[in-house]
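Chemist: Single-letter residue listing:
Protein chains: 2
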Amino acid sequence: MVKAIVHISLKHGVLDPEGKAIQNALDNFGFQEIKEIRKGKFIEIMLNESDKSEAKDKVDKMCRKLLVNTVIENYKIEVVD
Amino acid sequence: MVKAIVHISLKHGVLDPEGKAIQNALDNFGFQEIKEIRKGKFIEIMLNESDKSEAKDKVDKMCRKLLVNTVIENYKIEVVD
Numbered sequence: 001m002v003k004a005i006v007h008i009s010l011k012h013g014v015l016d017p018e019g020k021a022i023q024n025a026l027d028n029f030g031f032q033e034i035k036e037i038r039k040g041k042f043i044e045i046m047l048n049e050s051d052k053s054e055a056k057d058k059v060d061k062m063c064r065k066l067l068v069n070t071v072i073e074n075y076k077i078e079v080v081d
Numbered sequence: 001m002v003k004a005i006v007h008i009s010l011k012h013g014v015l016d017p018e019g020k021a022i023q024n025a026l027d028n029f030g031f032q033e034i035k036e037i038r039k040g041k042f043i044e045i046m047l048n049e050s051d052k053s054e055a056k057d058k059v060d061k062m063c064r065k066l067l068v069n070t071v072i073e074n075y076k077i078e079v080v081d
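Respectively, the protein sequence lines represent chains P and V.
Note that the first sequence covers residues 1 to 81 in the working numbering.
Note that the second sequence covers residues 1 to 81 in the working numbering.
Rather than coming from a laboratory, the hints here were simulated on the basis of the structure.
Just so you know, not all the hints are guaranteed correct.
Below are the BS3-like pairs computed for lysine-lysine, each with C-alpha atoms no more than 27 Å apart in a straight line [as the list claims (entries may be wrong)]: (1) P:K35 - V:K41; (2) V:K35 - P:K61; (3) P:K20 - V:K65; (4) V:K39 - P:K11; (5) V:K52 - V:K20; (6) V:K61 - P:K39; (7) V:K41 - P:K20; (8) V:K76 - P:K39; (9) P:K39 - P:K56; (10) P:K39 - P:K20; (11) V:K11 - P:K3; (12) P:K65 - V:K61; (13) P:K76 - P:K39; (14) V:K76 - V:K3; (15) V:K56 - P:K41; (16) V:K52 - V:K41; (17) P:K56 - V:K76; (18) V:K76 - P:K11; (19) P:K41 - V:K20; (20) V:K52 - P:K35; (21) V:K11 - P:K56; (22) V:K3 - V:K52; (23) P:K41 - V:K52; (24) V:K52 - P:K20.
For reference, chain P alone in the conformation it holds in the complex:
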């Protein structure tokens, strides 16, 4: 069993309205020292697979096939154990 974590974030220059909304909300709560907020997501995948590098290859395929929009998003795969 291998656990892989995929971190997906918007590419630089791509507008992040959700991050902006969080920043405005925090501003209203009195947190004025924030310069920028960007929101991303991560996906934890438990795989029935013993080989780490093979697991990483499979997760990379999943990312390109379904999980990530590579036009506007960057991703990073981390295989834990």
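Given chain P, put chain V in place with the hints provided.
Modeler: For chain V alone, coordinates are given in the frame of chain P:
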């Protein structure tokens, strides 16, 4: 300037319908070796603050005030630089 990253995930035992939907979709694409998928989010915060521990305290306040639903979510704060 300090960058803090807040990782927010659902607590164990809390249903994750989004993760389940991703798992079903990947299953339809032929990725059958997946045991479980959990989806989480992360928020990158750029703070006008020089002291790391003070920055962490502030971000912790933001989490409890707005960013995290502590009834169903866990969070972890990482201060980068």
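Chemist: Which numbered hints does this structure break?
Modeler: Violated: hints 5 and 12.
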